[in-house]
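Trainee: Below are the chains, spelled out letter by letter.
Number of protein chains: 2
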Amino acid sequence: MSDEEVALLDAYWRAANYLSVGQIYLLDNPLLREPLEPAHVKPRLLGHWGTTPGLNLVYAHLNRVIRARDLDMMYIIGPGHGGPGIVANAYLEGTYSEVYPTIGQDEAGMRRLFRQFSFPGGIPSHVAPETPGSIHEGGELGYALAHAYGAAFDNPDLVVACVVGDGEAETGPLAASWHSNKFLDPTHDGAVLPILHLNGYKIAQATVLARIPEAELDALMRGYGYAPLHVTAEVGEDPADTHRRLAAVLDEALDEIARIQREARAATAAGTEVPRQAWPMIVLRTPKGWTGPREVDGKPVEGTWRSHQVPITDARAHPDRVAELADWMRSYRPEELFDATGRLRPELAALPPAGQRRMSANPHANGGELLRALTLPDFRGYAVEVAAPGRSSTSATTVLGALLRDVIRANPTTFRLMGPDETASNRLGAAFEVTDRVWEGEILPTDEHLARAGRVMEVLSEHLCQGWLEGYLLTGRHGLFSCYEAFIHIVDSMVNQHAKWLKTTREIPWRRPIASLNYLLTSHVWRQDHNGFSHQDPGFIDHVVNKKAEVVRVYLPPDTNTLLSVADHCLRSRDYINVIVAGKQPALNYLTMEEAIAHCTRGLGIWDFASNDQDGADAGGDGLPDVVMACAGDVPTLETLAAVDLLRRHLPKLRVRVVNVVDLMALQSESEHPHGISDARFDALFTPDRPVIFAYHGYPWLIHRLTYRRTNHHNMHVRGYVEEGTTTTPFDMVMMNRLDRFHLVADVIDRVPALGARAAHVRQAMVDERLRARAYTREHGEDPPEIRDWVWPY
Amino acid sequence: MSDEEVALLDAYWRAANYLSVGQIYLLDNPLLREPLEPAHVKPRLLGHWGTTPGLNLVYAHLNRVIRARDLDMMYIIGPGHGGPGIVANAYLEGTYSEVYPTIGQDEAGMRRLFRQFSFPGGIPSHVAPETPGSIHEGGELGYALAHAYGAAFDNPDLVVACVVGDGEAETGPLAASWHSNKFLDPTHDGAVLPILHLNGYKIAQATVLARIPEAELDALMRGYGYAPLHVTAEVGEDPADTHRRLAAVLDEALDEIARIQREARAATAAGTEVPRQAWPMIVLRTPKGWTGPREVDGKPVEGTWRSHQVPITDARAHPDRVAELADWMRSYRPEELFDATGRLRPELAALPPAGQRRMSANPHANGGELLRALTLPDFRGYAVEVAAPGRSSTSATTVLGALLRDVIRANPTTFRLMGPDETASNRLGAAFEVTDRVWEGEILPTDEHLARAGRVMEVLSEHLCQGWLEGYLLTGRHGLFSCYEAFIHIVDSMVNQHAKWLKTTREIPWRRPIASLNYLLTSHVWRQDHNGFSHQDPGFIDHVVNKKAEVVRVYLPPDTNTLLSVADHCLRSRDYINVIVAGKQPALNYLTMEEAIAHCTRGLGIWDFASNDQDGADAGGDGLPDVVMACAGDVPTLETLAAVDLLRRHLPKLRVRVVNVVDLMALQSESEHPHGISDARFDALFTPDRPVIFAYHGYPWLIHRLTYRRTNHHNMHVRGYVEEGTTTTPFDMVMMNRLDRFHLVADVIDRVPALGARAAHVRQAMVDERLRARAYTREHGEDPPEIRDWVWPY
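Chains as they are written, first to last, in the UniProt record's numbering: chain Z, 1 to 794; chain C, 1 to 794.
Hint data in this document are derived by calculation from the structure and do not stem from the laboratory.
Virtual Cβ for every residue (Gly too), placed ideally from N, Cα, C.
Treat the hints with care, since some could be wrong.
[Claimed, not checked] If you want a taste of the chain Z side facing chain C, the calculated C-beta under 8 angstroms gives, among others:
#, residue
1, ALA176
2, GLY223
3, GLY225
4, THR304
5, GLN309
6, VAL459
7, HIS489
8, ARG778
[Stated by the list, open to error] Where chain C lies over chain Z, by a calculated footprint (3+ residues, C-beta under 8 angstroms):
#, stretch
9, 41 to 50
10, 719 to 728
11, 779 to 788
[What the hints assert, rightly or not] Footprint (simulated), chain Z over chain C, 3 or more residues, beta carbon under 8 angstroms:
#, stretch
12, 118 to 125
13, 527 to 539
Turn these sequences into a full structure, and let the hints guide you.
Mentor: What follows is the structure, given as structure tokens:
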């Protein structure tokens, strides 16, 4: 770079830093036209300076290479605390004023820009959905690099620059994310340029990667499969030197990316392949809070953890600190950066790229703008035939696999299937008829379905599956994450953050809806035959139900055709978190496809084939059943129907209504959830006053919670998972948790009044049956044949 | 090793493998004395063979070095699927028969050993609490190495051998765990010997670390700070060669560990220090399912993912497969291993170490046996003086910090404080008066409270904090994990596993109680002034409440003295997961220490100072209040009292009772939780029929859930966090979620019948007050002074 180029770039950096400090501190006097007074300073100083100058430095340099190479580039920053810097850059590029016209490119606009930051009614202190150019909320650390890779997949012309802070680098998910390069195909995917930005400190102390020898860090990055390039700036050094070194390193990195892509793509075109190569990455060391106050109150601040938040605190009460703040801000020489109206000077405004090349305006960062609906095959075509309810068995996920296979075939670059090594185990193997697992590592002749390109992504890290998929969805594509039910809790906290993102974007007009985050939770709590207690946990549903009702949907399809209908619905939806829980083991089919569609559309309904409350309706006189047997989930539905069979045989006069729930949110009131049914409809299904025995897939309390405001809620008796389990047979498992047919029959007898002596006899018979089943199981190691082979006999 | 030693070691390995296969397959005929028949084979084959022979190999070799060096060694295995191997070794060492006398060292015992595995009424398929020598449940992957380091801390004479499977190595938590060596002090801590056991496959496909070049893997391990030693065994090679190489490498590794410790300890004794050194680790590559069937149905099995579970399936229905199984088992030559009675031959029984040197009998693996109660200072000595309720403010966690400082001082080797870089931020900085953050990386002159040894462990990985602490507790020590409330969800799934462990161990007589896992959740949802929405989530409480009631406790101390009382109680407790939620910001004090102790002992109670329902009790005639204002949590308590103040001023005749809840589980029925209060007591506190306005710290539904079975539950009106928030002022935050004083007053007016026109006027005034507060906040950027400075005025 010429001296002039360096000077301009440095001025641009100063402008971003100036605007960053202004956002943290100032209510007024944004251009320091008058002497800074305490009244110009915000009363509560809330923000994070420490990471910001480094992020601004990288931003300015990326602008240079975008212009020089006409790059399509996104900027993802792990240290989301650097909110003011990213906002400042979006403002400098004009994007901010385009999406928020009241924040104009003049002094009044700058005043509003400063005032709104971390201010009531304003914008958050972190990078957030409100920030143009962002797909990554700053807050919880660890997911930046996984998001970056997710964005790069199937975007061959995109380069995602991703800053990893040295705090974030200590997290588990980030430590695993470096290995994402084993899943990125240089031919069909874009590139990720990781920038490990070490400023040496977390909130209050040193960080691991900043305090190991450079050779050790270099080995670590090489071990992760990267070719590291190092740039270090020290406190007090002339930034011009840093600019030159960083520019050279960035050019080298981008040349390398271009070379790797060129060679790989040429090889692919020629039908050959090149071995996996080490992608470039940059280790950038800059002082924390660089260009900020060197010392405050006699203690070093620049280059230490004391820069983390607000270096000069409580300025209003200390006029000398106001003066220090003014000196700090004037050190950026704002008069050289902004003209008399407050507008960025033209020679600086000419530096960033224009239009969609601006990182703040890159359309990938508002993925809904790029989103195209999936081409979906007609799910009815995959229906299993159901001649009579409850007679034939299918593995629901196996059939779903065929649908997903054809989704993949019809959408070869916009749909991915994620899972921690469970695609086959979860019976979705049909996908491998049309695609493979993407794998850039060594492939052996004995391997099956590993290839350099593929739609299936398997890594034994739920964090990576989730992070990749989030990045993929946020940039306008589609996907499904299939996971063992218990272990989806591993990403609880990531789900929180994604749900918060979705909730917030719904309130931002310029953010376009994105495809929903779809979970298929299988290998569920009731069928951990191989694994036992450690693999049993249905609580993810409870976790998501705490999120805003507008963004969460939970489905418990009881059989294959309902699963197909639900899956189709989820793949078409936008801006939701859809949780589908469905077993992979062969299970009874109940509904024809037309019935399944009707049932799923309603969300829940009476299963007439299993109910006898309308037989001889005049018997009871009121047209109501004696008991409602409700069920949600495949195993609870099976046990409920088997219980109904026992009731019919033993207590034939009892009028039983069976209600199956596939859309769990339908149980709630209309006021609580958009899928909630009216109280009148709820009463019509569950009656105003009859006992309801509810067999539920998960923790029982959730059903009480969802039906809390319903007329008949005090008659709800819920069975579900109560944290009992081990490696045992499927029926022993439901017996341990009192969800089995025998317990359900006993529950009915305990709840329906005045059933008489015969019922007491039946109740004792159920206890005997249970003991007999248990004894058989312990003797033979499998469930009794009459239980294993039970089908709906009517 | 001599040829004879190799032959003996190999025979021991074969014995373990034989017993492993027998557990997976056989119901009977354990010594194959008669031809194997289908009836001898289990009907359901549930287990995992693939990882087992490798684990058995390592076990046999570790036995050799324990004997040779008289080592105190534990064995932690990540691939918990290898349950049959670890059980087999415990059986070979005699430990199994000691703790389970019915599983004797003879043919009948062996039959029971085989039959019980993965069998109804028997033992789980994974390593589990039932497995002697284990502190690490096999199931969810990723935590083995963190557990190993946690076990090694403050156990200077212990060596923890830790097998990391290549599936587990892909997880985030494990990827971060390698860096634990920056937190292990070679002078005062023991050693961890990581063994990365690569068999090349997960469930169904290749693994990342097995498919990168050895040089890259070597660089990765060096980058993590280890000196890797490589041992590779190929399919078909003579195991004797592997034995020799593995033995040599193990000797080298243990020599290195001894050298590092010797040098560090000599330096410490001399008052100097040596630089951090690379600890040895072993990369062991063995074929998956080594020694198992080479092929089944014409497909390669040994050395492929097809060995993962049960290589020969469905044997009962296929007599030829029964023959293959018999051939496989006979290939271990059981007649050379066991005598006619089924007892291990004496020359083999002489190989493992004896007594507590056996890894299956190491007392550290049953930490409760070693547990000693903490020496605790009298927490009353830290009390803040409370001359009148609600007048003075203290930062509760700052005062707790002083208590923790003295706990550390009094227990210099058995208590650690964990947190992701938040000890100071969470105001526990008093700890640094007596200790430092442990840090083996570079230390700079400007650093504060970093040292080679220390009681405070800070790493920006909640996974590591949790994993280390679990390992530390499970080996009989004590600790506390302080964490930002929102981000504790990161370890949701780890908490599940620990809760399951605790629940299970309570039912195993030989497992002794361990210290509780104590969480201090601070920087909570209501005071994320700097951070906003991404840092707000109070749902961890909901998560733990789904676990078994016997193992979970949740406390919401409203002020400093109650926090001290609760903390003392938690530090004394055993086998619980204690969740304490307490703010770090200065907040009002309500109770003297004596009052706090009484209140915490009851768990909840009427605050007379804030109630006026007994004033002129004859007024209403029934002695009951018009409304109960309940609160749980510091911020809700503040808003409740401020609302009571408003009610007194505006509606002085309204009889208000204030109930504060510190022990959340007390709300439940006695039948639901051991801390639950009786219905009579609940009715006495909350009345049978008066409206209850409940201001709660977290998601409102939990209060409904906990009080679901109470008489007055239909009158509960709960306010809490409803997923609204951003970076704003504290009072704006409570207003956004309708938890503020003005909303609470309006709730009272809406719920108490017949309050008349004056109340309608007051209700409108509350709306006005709210709008005024919001306007003030948006104008000034801080809360109105009368809100900020409010104190209890009576």
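Trainee: All hints are to be evaluated individually against the structure, with a verdict given for each.
Mentor: Results of checking the hints against the structure:
1. ALA176: Holds, about 4 angstroms.
2. GLY223: Given a least distance of 2 angstroms, the restraint on Z:GLY223 holds.
3. GLY225: 6 angstroms, holds
4. THR304: 6 angstroms, holds
5. GLN309: 7 angstroms, holds
6. VAL459: 5 angstroms, holds
7. HIS489: 4 angstroms, holds
8. ARG778: 4 angstroms, holds
9. 41 to 50: That given contact holds, which follows from 6 residues of the stretch 41 to 50 of chain Z lying within Cβ reach (below 8 angstroms) of chain C.
10. 719 to 728: holds (count 4)
11. 779 to 788: Held - the stretch 779 to 788 of chain Z has 3 residues with a Cβ nearer than 8 angstroms to chain C, which meets the minimum of three.
12. 118 to 125: Holds, because 8 residues of the stretch 118 to 125 of chain C bring their Cβ atoms closer than 8 angstroms to Cβ atoms of chain Z.
13. 527 to 539: That given contact holds, which follows from 9 residues of the stretch 527 to 539 of chain C lying within Cβ reach (below 8 angstroms) of chain Z.
Of the hints listed earlier, there is not a single one the structure fails to meet.
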